[in-house]
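Asks: Sequence:
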Amino acid sequence: MEQYTIIKSFVMLMALVGAFSFFFMRVRRLYRLMMAVEGTTEFKLDQIAARIGVLFKDVLGQANVRRKKLPGIAHTLIFFGFLAVQPHSLELMIKGVCPAFEVGHWIPGLYGGYLFVADILASFVLVGFAYAIYRRTMLRPPYLTLGTDANLIILFTCLIIITFQFINAFQPLLPLEPGAYDYRGVFPVSGAFVSFFGLNEMNPQQVFAGYEIAYWIHMATILGFLVYIPGSKHLHLLAAAPNVFLKPLKREKAIVKTDIENEELETFGLGKVSELNWKNVLNLYACTECGRCEEQCPAANTDKPLSPKNVVHDLKVDLLN
Numbered sequence: 014m015e016q017y018t019i020i021k022s023f024v025m026l027m028a029l030v031g032a033f034s035f036f037f038m039r040v041r042r043l044y045r046l047m048m049a050v051e052g053t054t055e056f057k058l059d060q061i062a063a064r065i066g067v068l069f070k071d072v073l074g075q076a077n078v079r080r081k082k083l084p085g086i087a088h089t090l091i092f093f094g095f096l097a098v099q100p101h102s103l104e105l106m107i108k109g110v111c112p113a114f115e116v117g118h119w120i121p122g123l124y125g126g127y128l129f130v131a132d133i134l135a136s137f138v139l140v141g142f143a144y145a146i147y148r149r150t151m152l153r154p155p156y157l158t159l160g161t162d163a164n165l166i167i168l169f170t171c172l173i174i175i176t177f178q179f180i181n182a183f184q185p186l187l188p189l190e191p192g193a194y195d196y197r198g199v200f201p202v203s204g205a206f207v208s209f210f211g212l213n214e215m216n217p218q219q220v221f222a223g224y225e226i227a228y229w230i231h232m233a234t235i236l237g238f239l240v241y242i243p244g245s246k247h248l249h250l251l252a253a254a255p256n257v258f259l260k261p262l263k264r265e266k267a268i269v270k271t272d273i274e275n276e277e278l279e280t281f282g283l284g285k286v287s288e289l290n291w292k293n294v295l296n297l298y299a300c301t302e303c304g305r306c307e308e309q310c311p312a313a314n315t316d317k318p319l320s321p322k323n324v325v326h327d328l329k330v331d332l333l334n
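Residue numbers for the sequence shown follow my numbering, so the first one is 14 and each next one is one higher.
Don't take every hint at face value.
[Said to hold, decoys possible] The calculated label-pair distances, taken between Cβ atoms and stated as ranges, are:
| id | residue 1 | residue 2 | range |
| --- | --- | --- | --- |
| 1 | Arg153 | Ile107 | 23 to 29 Å |
| 2 | Asn334 | Ile107 | 33 to 39 Å |
| 3 | Phe33 | Gly126 | 25 to 31 Å |
| 4 | Leu250 | Gly211 | 21 to 27 Å |
| 5 | Phe209 | Leu319 | 34 to 40 Å |
| 6 | Leu96 | Ser245 | 15 to 21 Å |
Derived by calculation from the structure, the hints in this document are not laboratory data.
Using N, Cα and C, we set each Cβ at its ideal position, and we do this for glycine too.
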């Protein structure tokens with residue numbers, strides 16, 4: 014057992030260093046691309062208090078997402094459930110390297126309350142994804158992007174949540190070390206897995222093996238997800254909050270008119286993606302390809318060959334390439 018613990022700590026440390034290094038390399042590339050464009054902007058970082066208020070309303074409050082009732086509720090369940098899981102997942106990462114690490118040693122009451130709430134919210138993620146899958150397979154609204162990328166994100170997130178709950182289910186069944194936090198009775202939803210799947214009938218070796226299998230799948234999925242995000246359509250998970258914080262607080266000026274009679278102009282409007290400004294690029298990064306722009310576009314709604322969603326997508330692809 015001691016030998017396994019040493020190997021586990023080493024493998025986990027290498028996995029964390031590798032995944033986070035690759036993640037930061039990809040984020041650095043995105044930042045350098047954003048700052049390399051040639052366009053200028055009149056943006057000013059002012060009214061910090063108002064910007065923080067907008068951040069709470071649009072990101073934590075999910076104000077824009079909730080414009081559509083059922084999809085908005087589903088997204089809100091997924092958002093808060095996924096956030097709730099992350100602190101415990103971070104603790105599990107650290108614990109994989111340093112087995113003695115346990116937040117419950119320092120704040121047992123608060124820790125138990127957090128785990129109780131996080132276990133419930135984690136189950137809400139699966140409810141939200143059940144509706145998302147139904148919407149993608151049965152309702153199939155025309156403005157929604159249906160593809161492998163979105164399906165991978167659903168798979169990643171469901172695996173993270175399911176393995177999280179199996180870890181929670183196995184945790185109270187493990188031998189309680191002297192001075193360790195007692196997880197019994199802490200997990201209301203995952204605790205139901207114990208009797209439903211007959212986990213309490215397993216012997217100690219089977220419980221340990223089940224916990225470790227759930228743990229490694231959970232960690233591999235989270236670290237894979239971390240590396241995958243910067244190159245996927247779910248880049249908005251990183252870019253949305255900064256983009257909301259830096260959004261114009263007043264209505265922007267009307268579109269600048271182009272002098273089409275000026276014979277010295279080589280291009281009208283933007284001729285290449287490098288002529289965007291950094292805020293335009295951040296907007297591209299933050300786009301979720303939800304299709305709301307296309308749903309409201311008069312040209313798209315009258316079957317004209319224009320897709321504002323694809324314009325944004327193609328600009329992003331051109332930039333990244």
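Asks: Next, verify each hint and record whether it holds.
Replies: Cross-check of the supplied hints:
1. Arg153 x Ile107: 23 to 29 Å: violated (42 Å)
2. Asn334 x Ile107: 33 to 39 Å: At roughly 37 Å between Cβ atoms, Ile107 and Asn334 fall inside 33 to 39 Å, so the hint holds.
3. Phe33 x Gly126: 25 to 31 Å: At 29 Å between Cβs, range holds.
4. Leu250 x Gly211: 21 to 27 Å: Between Leu250 and Gly211, where Cβ atoms are some 37 Å apart, the hint is violated.
5. Phe209 x Leu319: 34 to 40 Å: Taking Cβ atoms as reference, Phe209 and Leu319 lie about 51 Å apart, which means the hint is violated.
6. Leu96 x Ser245: 15 to 21 Å: Holds: the Cβ-Cβ distance is about 19 Å, inside 15 to 21 Å.
In this structure, the hints that do not hold are numbers 1, 4 and 5, in rising order.
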